[in-house]
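Asks: Residues per chain, in single letters:
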Amino acid sequence: MNISIANITSQFRRKRSTGLPPGTPVFTGEKTPETAISSITVIDFGDGGFSEKEAVSIEECIPGTSFDMTRWILVSGLGDVENIQRAGNAFNLHPLITEDILDMHQSPKIDIYSDIAFTVLKSLYMAPDGGLASEHLSIILGRNYVITFLEKKSSIFDPLINRIKSNSGRLRREKADYLLYTIIDCVVDNYFEVTDRLDEALEEMEDCLSSSKATITHLRSIHNLRHTVTILRKSVRPLIHIVNELKHEELPNMQTNLTIYFKDLYDHIFQVVETIEVQRDMITVLLDLYLSSINNQINKIMQFLTLIGTIFLPLTFITSLYGMNFEYMPELKWHYGYFYALALMGVTAVAMAVYFKRKRWI
Amino acid sequence: MNISIANITSQFRRKRSTGLPPGTPVFTGEKTPETAISSITVIDFGDGGFSEKEAVSIEECIPGTSFDMTRWILVSGLGDVENIQRAGNAFNLHPLITEDILDMHQSPKIDIYSDIAFTVLKSLYMAPDGGLASEHLSIILGRNYVITFLEKKSSIFDPLINRIKSNSGRLRREKADYLLYTIIDCVVDNYFEVTDRLDEALEEMEDCLSSSKATITHLRSIHNLRHTVTILRKSVRPLIHIVNELKHEELPNMQTNLTIYFKDLYDHIFQVVETIEVQRDMITVLLDLYLSSINNQINKIMQFLTLIGTIFLPLTFITSLYGMNFEYMPELKWHYGYFYALALMGVTAVAMAVYFKRKRWI
Amino acid sequence: MNISIANITSQFRRKRSTGLPPGTPVFTGEKTPETAISSITVIDFGDGGFSEKEAVSIEECIPGTSFDMTRWILVSGLGDVENIQRAGNAFNLHPLITEDILDMHQSPKIDIYSDIAFTVLKSLYMAPDGGLASEHLSIILGRNYVITFLEKKSSIFDPLINRIKSNSGRLRREKADYLLYTIIDCVVDNYFEVTDRLDEALEEMEDCLSSSKATITHLRSIHNLRHTVTILRKSVRPLIHIVNELKHEELPNMQTNLTIYFKDLYDHIFQVVETIEVQRDMITVLLDLYLSSINNQINKIMQFLTLIGTIFLPLTFITSLYGMNFEYMPELKWHYGYFYALALMGVTAVAMAVYFKRKRWI
Amino acid sequence: MNISIANITSQFRRKRSTGLPPGTPVFTGEKTPETAISSITVIDFGDGGFSEKEAVSIEECIPGTSFDMTRWILVSGLGDVENIQRAGNAFNLHPLITEDILDMHQSPKIDIYSDIAFTVLKSLYMAPDGGLASEHLSIILGRNYVITFLEKKSSIFDPLINRIKSNSGRLRREKADYLLYTIIDCVVDNYFEVTDRLDEALEEMEDCLSSSKATITHLRSIHNLRHTVTILRKSVRPLIHIVNELKHEELPNMQTNLTIYFKDLYDHIFQVVETIEVQRDMITVLLDLYLSSINNQINKIMQFLTLIGTIFLPLTFITSLYGMNFEYMPELKWHYGYFYALALMGVTAVAMAVYFKRKRWI
Amino acid sequence: MNISIANITSQFRRKRSTGLPPGTPVFTGEKTPETAISSITVIDFGDGGFSEKEAVSIEECIPGTSFDMTRWILVSGLGDVENIQRAGNAFNLHPLITEDILDMHQSPKIDIYSDIAFTVLKSLYMAPDGGLASEHLSIILGRNYVITFLEKKSSIFDPLINRIKSNSGRLRREKADYLLYTIIDCVVDNYFEVTDRLDEALEEMEDCLSSSKATITHLRSIHNLRHTVTILRKSVRPLIHIVNELKHEELPNMQTNLTIYFKDLYDHIFQVVETIEVQRDMITVLLDLYLSSINNQINKIMQFLTLIGTIFLPLTFITSLYGMNFEYMPELKWHYGYFYALALMGVTAVAMAVYFKRKRWI
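These protein sequence lines map, in sequence, to chains A, B, C, D and E. Numbering follows the working numbering, with no gaps: position 24 of the first sequence is 24. Basically the working numbering = 1-based index in the second sequence + 362. Basically the working numbering = 1-based index in the third sequence + 724. Basically the working numbering = 1-based index in the fourth sequence + 1086. Basically the working numbering = 1-based index in the fifth sequence + 1448.
Mixed in with the good hints, there may be bad ones.
[Unchecked claim] Cross-link-like lysine-lysine pairs, in silico, DSSO-like; alpha carbons within 27 Å at most: (1) C:K1024 <-> A:K300; (2) B:K721 <-> D:K1386; (3) C:K1024 <-> D:K1445; (4) A:K359 <-> B:K721; (5) D:K1320 <-> B:K596; (6) C:K1083 <-> A:K300; (7) B:K662 <-> D:K1386; (8) B:K662 <-> C:K1024; (9) C:K1024 <-> E:K1807.
Simulated from the structure, these hints should not be mistaken for lab results.
Given the sequences, and given the hints that come with them, work out the whole structure.
Replies: What follows is the structure, given as structure tokens:
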């Protein structure tokens, strides 16, 4: 079975514009209606309560200095470059950060500045239509706020928002740094779903290739799966390094001891990476299975045809034997000679078929 | 020969529920009658003696502060999530620990807290029916107690309990940390049994493929063995890291110097891992053998059929020679012409068969 | 599709002269009119303004001691060894540096001296004619100047010069160390263009091999692509080490804190290297695809021919059947016997063709 | 050519008994008459002289406290577990040491205790009958003594004993630590002999496969060689680690500065390991050669048979041509028509044979 | 094209004598007239001048204590073991050094003693006859002298001696440590020549296999090239480690700061090693090309033969059709029936040939 990745592979390959000064913000994603319009959602939460509103401009989102409430600013839609640049100015971000937020080809990474931490992730998840979807996600962790930038409007953070709203789990009681952890945890949870789906697809393919005949469609599916695993690997592997840094390094705005949480996260990512490595091996196995199945089919057909040819050999020999023109050939004079010849041929053919059947060649 | 692993592979692949807050306890194993009911066995031992009893609730198992006796609490059956959560509360465990105890997909790991050490292992062993069985085993090492959580009731610790009961070896005289070592040692001992069994199966397969004809059943067995080795590797490799940490790091409740014991354990695990790597190579060799055997079979058949065809070539040529209608063909007038032709064909066929035999083509 | 690399491979393989004392300057590139004549461009920039002039001799380019202006000396054309040696003397360079500037086979590297930093890079870019072009680029970072040595006159630095001229970006306001960073960044940007082009070529090839028939031309193209990837890898991989050193080590003339810029550059190079590794795997996949396509073609033809042969088997059998000379063969006397035989053969042939069609063997 | 390893592979695979407390001494080798009886030889040497005697019990071998003489206690035959356990008690060895001495499956390792150093090695050497022989060798280095435990009586130490006896080399003048070095050096020297023998066998096999036809016997030999290389690798690789530790770490009873000797030994072992890696690659090459040879054979035969078939095609065509029953066929009336047809066929056959010969297809 | 290595492979494989005490000097090379006689050349140089003379005995070569002149003692021919041992005694060398000087199988290494540095290298170069030649080269760096030991008289140092004689470059003005550097540099320069030669040979082979038919000779050449690359790799790789140590460690007799020179040398060796790795990959590619070429040839022949067979199918069918004995077959009565049949067959054959030609099957 297949996982459609058409819309994703392009993201891992489109052209970077060269020759621009470093720090020039350029949106390198696809300019669709979905990515064109930025929407800004502001969520404030804390012991004091919870509020959610849509903001018109990024400037009005700048949080106060109080630590009582934590602010989560969700920016979706990166097509409007000017908007993002204004956000960068409002929150005093380095031009290289603004460039990375807009560069869909940026690999996952973490940069720790004196006042903020900047993380780039690839959020992969199974879209409702069964295809693999990918979001370029940038996270800024500030003093008492978190900003997330998403390529386009998406529902991947809905479970988190609901948890804050309904005050389930510790999330509402914790600070911005715990929110950062929860967001990454949420992204990693989705990886599990993707690898599970991939495992299923790989297994279906293995069953399919072991039991039925391989066709060229299978080859395309295998290449498709290989692409998916490559994308997954490229997205997840840098996370090992990122979470390792989060585990050990002091974040600039760390208020809680989250080491144990990041250690747990690290274990999960490691598990995903190990699964991906096994899946890579599996792809090679599938290709071998495919090739050996294709080969086997051709061989079986050729063998069958050759067997047919072999059965006809003695028959044709007998017919040409009695087609000889010798003057003295006693059988030719027999009254039932023709039927004797026919019987002889029938017996020979059946005997050979039985022999081949027994040898399991047919 | 085969090792049945049907019941295990699922454990390494079932779906994690996503979208839940971290630390939410969810049992991710199969809900069978065996896992549904928790049973709690409490074993106290020390110089003073030995007692064993079944406990009804986990709360009554909390040990006193005395160091005279060591308490081993064996919890089996993790299907009743509430029960495990109560245990977590009674022993003051971090929510992430409770989550990992219940998550059958958690890879082996060690977490060292200020007051306890938490280890997750995969206990693999040969079930009485010849199949490979796996248990998700979590171990808590506390001040004067050890708690073990097993997916379902199992007899893997019976030799240890008997040793304590009969006071054989040093075990009864030692403290909780030595018990932890003994439990891991017992798990590792079972790995040897599994790799030995695998070695046998691999060798049988190699003999089988070298001597007799390969069939599609062999291919399935090879894939089965590959799965087994992958599971084994996934279970054992993290142990290198775990025991290495135990070797070097000060455990929170370490009362004896166990470095030499953990070093020995480390050597054993290393040996298992090396064996597994050799077995992985072996699988590749077996696949090559299989493919070359399949290929060889087809080739042999095709060669045999072509030889038959080649023997008939001159025979059919002779018959059609004497089927020509030339007015003057002296042989046709001979009285024994027909028999001479038959003899000629017989001699030709025998000569060719002998030639092929000598060339060892048949 | 193809990337022409004929002019490049030679650069990675021509003969070094042996037996000379270390530090002897020898131009190891091709002596063409383009490389023969050295041209020297001097660019001065700073807050004060911008000036660009062609210099006749290298000696007149030695900058003053003021830090107000930064001087960029572009030397193109290394064929005139004496000229370069004079430059080495004028700027007091170690003989080994002069040797490396002239040695086109020198791999990328960085040497940090007490007063200057010396870097060798391979600038790869897509030439206007669609081929891959390579320049051996050496960079000297001095107190308030940068010298770049290029194998032959080239336009790779035009965007940078334009940026300084038009005062766009930070470049004109920064010092020599930032110029070094910008030059390397510019070289790395071109790598992205090359890998994108390669990705396209690899994909075209994959589509081509999956859909149409493989020919020997494809094999040559694949080997060509393999060469390109090898050259790219050899040129880019040492950069990881170089930029890593720039990231961590104090440069002798560092006046700005560029760590964050070099960190960003490092991420980009890492991305290029990862892409190259994926492309290497891809080459293997393409070769497998090619071989399996070639194999498939031959097999399909052989199968088709064998099927034709199989259809003729019963036809020829029937004809020789009725070519037998038995005295009593009723069919031979039938008036429409001949047409009955023809009809029998026609029906047999059609039936077999239909059977083969249904089995999808034709 | 072959190296018989039947008796060795079992040693690398037999069953460990599970469920026993750690430190329980169990002999895991084969119980043969050779291993059953322990023999103890005691050699004293020093500037003062040399004495050699057989000891009845291990207790009488405990050396005095003088450093004038060094004592070497050679224990051969480990089948009598009780005996070895008494030795362990007499020399105050940790139970884990006694267990490892008796466990034939223990990989090579070194354990450094406060008073002694304990090393396990695998001594591999060419037996007089041309087969590969293996001994499980444990060495204890004490204050002024060395104890060696060998699986069964063997002559591998005869050169060393002779050197002490005849006072050749430095050995008799040195202390126990130098004896340890000499013993390991002697074991490593034997590895060279084994790899040389393997090199010869691999080369013979390569020549054999390049020149003559591959048979199934060759495949078995290749698998045999692969087993040998695996065993060798498993035995030698841990030695790198062991000698590295001896090179750097202070041994408890080190009286001489042996760093330079252990460094030399390290180089030798490294050389053996590199040779083994090359041999592993060689095995793969041999397998490829074998498969390509087998393939080639079949192909050659099929090609030959098809050529024969092709030569008969026009002959049979001519005969059936003149077997047609047209009323008017001029050739049939010719008096020498038959001979003309025969000649035509002869010429055709010869022409085709010559053509095929020239194309080098036959 | 080929590189003859017959005389070299033996050097990498001949038997070490076992059972001798460590430090026993044994010449393990071939005893030829060239190696049998030792010749000793003594070169003194410095600011004061230059002298060169042949020495009769090694004892007369011991240099004075003055640092004004540097002495280079070239010993060629190691067959006379006693001579080398006397040299060892005269210069007070450790017995292990003398053993390594004489052991042709010793891998490259460096040993740094308190007063001298001892280096073993493999000098590989292209002999005048086009074959690959190898010398076992040992270098002793003392206070004010360098001793080089060469297996047999050779001209590899002639360029160096000429440079000292003619006082070109810095060599005559420098001390013994710079001489050591120059000698190693000279050896490394020769590696470039060898890898260039190998590159050529590999490329010729690739062109050859792509354009013309592969024969068994090509296979032998490929194996030959593989051997050469293996030897080269074994000789060069340890140099990375050696020069790295020279770069970082203080040599006992270091008088000049040579770090920058050794760093340059390190870069060169690294370049050679990278080239060798690419060449190793290339060998695999060549083998694949060879196998696919061989396969292709056979397939082309079989396809051609099968096409011939297919063309004859309808011809033979037509002949046997008109060989049937039906009483009423109108065509048989036609006067030009025979010629009509011949024409029918001719048309069929031509039509099929054209069809096959168009499909590019022929």
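Asks: Now tell me if each hint is right for this structure.
Replies: Hints, verified against the model:
no. : hint                : in the structure
1   : C:K1024 <-> A:K300  : 13 Å, holds
2   : B:K721 <-> D:K1386  : 13 Å, holds
3   : C:K1024 <-> D:K1445 : 25 Å, holds
4   : A:K359 <-> B:K721   : 23 Å, holds
5   : D:K1320 <-> B:K596  : 22 Å, holds
6   : C:K1083 <-> A:K300  : 13 Å, holds
7   : B:K662 <-> D:K1386  : 13 Å, holds
8   : B:K662 <-> C:K1024  : 21 Å, holds
9   : C:K1024 <-> E:K1807 : 13 Å, holds
Checked against the numbered hints above, the structure breaks none of them.
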